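Undergrad: Line order of the protein sequences matches chains Y and G.
Going by our numbering, the first sequence wraps up at 114, each residue one higher than the last.
Going by our numbering, the second sequence wraps up at 276, each residue one higher than the last.
A hint or two may mislead.
[Stated by the list, open to error] Okay, the calculated bits of chain G under chain Y, using three or more residues with CB under 8 Å as the criterion:
#1 30–36
#2 55–61
#3 245–258
Hints listed in this document are in silico derivations from the structure and should not be mistaken for laboratory results.
Given the structure is predicted, the values throughout are model-derived calculations rather than measurements.
Just so it is clear, CB atoms sit at the ideal spot from N, CA and C, and this is done for glycine as well.
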Amino acid sequence: MIPKALVAASLKPFILSLLAGGESYGYEIIQRIHELTDGKVRWTTSTLYPVLHSLENKGLLESFWRAVEKAPRRKYYRLTTKGYQALDVEKQQWLDVHTALMKLWGPQPQLTPG
Amino acid sequence: MFDLNKAIASWRRALTYNRAFLGDDLDELERHLRDQVEGLQAEGFSAREAFGQARGEMGDFGTAEAEYRKVYWGKLRRRRELYHELRWRLSMLKNYLKVAYRNLARRKGFAFINISGLALGMACSLLILFHVKEELSYERHFPKADRIYRLNDEVAAMTSAVHGLELQNDIPEIEQTARLAKAGQGAVKYIPKQGEVRQFEGTKGYYADSTVISLFDLAFIQGDPRRALKGINTVVLTADMAARYFGEDDPLGEVLIYDEDRLLQVTGVVELDFSQ
Chain Y
1 MIPKALVAAS LKPFILSLLA GGESYGYEII QRIHELTDGK VRWTTSTLYP VLHSLENKGL
61 LESFWRAVEK APRRKYYRLT TKGYQALDVE KQQWLDVHTA LMKLWGPQPQ LTPG
Chain G
1 MFDLNKAIAS WRRALTYNRA FLGDDLDELE RHLRDQVEGL QAEGFSAREA FGQARGEMGD
61 FGTAEAEYRK VYWGKLRRRR ELYHELRWRL SMLKNYLKVA YRNLARRKGF AFINISGLAL
121 GMACSLLILF HVKEELSYER HFPKADRIYR LNDEVAAMTS AVHGLELQND IPEIEQTARL
181 AKAGQGAVKY IPKQGEVRQF EGTKGYYADS TVISLFDLAF IQGDPRRALK GINTVVLTAD
241 MAARYFGEDD PLGEVLIYDE DRLLQVTGVV ELDFSQ
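Looking at chain G on its own, in the form it has when it is part of the complex (with noise of 0.2 Å):
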């Protein structure tokens, strides 16, 4: 025999629990299943049909759910019931943190391997993140930055000589290039106009178009940016190159013998920090 009472109680059980539902609530939908039910009862229907139409109509309970949380804390700001529901909160809170370290304090060792292993995890992920992160940027910290990049070929960061130009006059959209290319480790010598001479090994330096400077908007310290460069023989120097070259004296204006046999004169100096 069909039992319409225990089927909505058991159908209620079920939303007792669920922290979406006030009591209110369900006195509400219960009232309605109530009153579907005799509505289809009227209609012809038995108890049990009328009970399994009325409560598929319902719906499943987590749609339900998810509406009736929506509404939640607006219900409870109108009840004035939010200081107790987050003292509740708060208790409930309070017990779980008890109930873990009580588990974990009878098991120590278990505790132990578990929150280590998962340290350790957290700790590898997080460096492997920012490994990959750094790997795969470059400097964004130049102005034009969005605008600019590099062509490689297959195997390294490096075409020939000529692609520059030919890309820049083929296509339109390209606005400038610049090419670098390593210079050799050459030993630098200063021949400064008292003291000793000077000599620097180790050096590393580019060739590079004039265009660089305009690229990537080098800050200028000394020198005029738009003809430095724009010579053979030319060369701009970092601030810390300049100094490590020239100490006390002016770099702008002197030569620089490189590798024995080529004179560079210095037409600036920029300020470029390489820890980026």
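This is chain Y alone, in the form it adopts within the complex (with noise of 0.2 Å):
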């Protein structure tokens, strides 16, 4: 169970790297990060859309609509410029932090045992 902490901290980078690889859409989003941290995390639509909101107001993303077959349209969002300039600046930070613990826990960090 990872704590909600982590994960509402994750929660930048997670969508700003994702949508660097290409367009996606919410339902896509929260199965891939499903996949991604093998089942372990599951973002509800109360914990994704609001954000992917919130990256829009601030114009790290943008939002276009793509007809589907059946009635509700689906709402696509891809990165901006911006966007890619937001997510240097959330790597160098997670970064910043990891190093920092990786140099505590060494290269092959162990769980203790029992």
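With the hints as a guide, bring the two chains together.
TA: Written out as structure tokens, the structure is:
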């Protein structure tokens, strides 16, 4: 069980990183995170969509609709130039924390047995 | 027979009038639900089971609404609908006020009782609040107020005369003490060099340690704050008292006769405002 704080902190880096690989939509994003974390993290709609909207409001993402076979159309998101810049910032910040921890834990961190 | 479309329609209806969710947002969420239901059906679940699970994962409206609210104004700004939204809210407000007024006008007696009751309640609450606040506070306008404490015994704000000195000796944290004792309401007589003897009744005075001056940072208009009250039989007057007793004459150094047999020399005049 990954604590809420960690899930919340990783939302932005995850979303920006995923969308850097190409456009996507909410449901697909949640699926991919679920796979990436080996099932340990499952975002809810209330978690993801408001953040997508917030990032869009800030100009890091832009959205567009694509018509689908059946009723409601699907909303896709893709990264803007500002978004790519923000991704770099997130990467740097995350790596800063990460390298510091790795210094303490060593390159192959072991969990204490038992 | 479970009807997926009906279920989704009823879900959507519940959210339609919620201000936090725009039409586009509901489209997005509905698409999400349908995608998820499809996915679950592919795994073998029935439509009903799939919908139940998908709907459950969506969570309750409360949290969803709270999160959506946070981004609401940002969305409006981006879509340039701020003006539109504010005008709508204004017209809703006007409508509510209109209806309220109409309802009150229809039942004037009821309105009167209600509103005056409310007004009375508010007035009383405010009064009580201020009264209590007043009662619980002492003068705060002395610069050292937050370091000054008054020692009481259980019944009155009085302790014995030796308390002050003993405590100051025993407890190092106490920086300074000052003792005050109410003097009786004796007559104060002043014999000026010229003119008649002036006598004043009902004066209020206190016996005091010389340390009161530094404790309360008394502002001296006349006299030396460091030496006034050092000797016995010295007295410091407030500006008002000085004006009252001496009028135009200079009080400093003059002698007042207290209670017919005590001679007190005026060694200072302070500015002290008792309205606090």
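Undergrad: Against this structure, judge whether each hint is valid.
TA: Evaluation of the provided hints:
no. : hint    : in the structure
1   : 30–36   : holds (count 6)
2   : 55–61   : holds (count 3)
3   : 245–258 : violated (count 0)
Of the hints listed earlier, the one the structure fails to meet is number 3.
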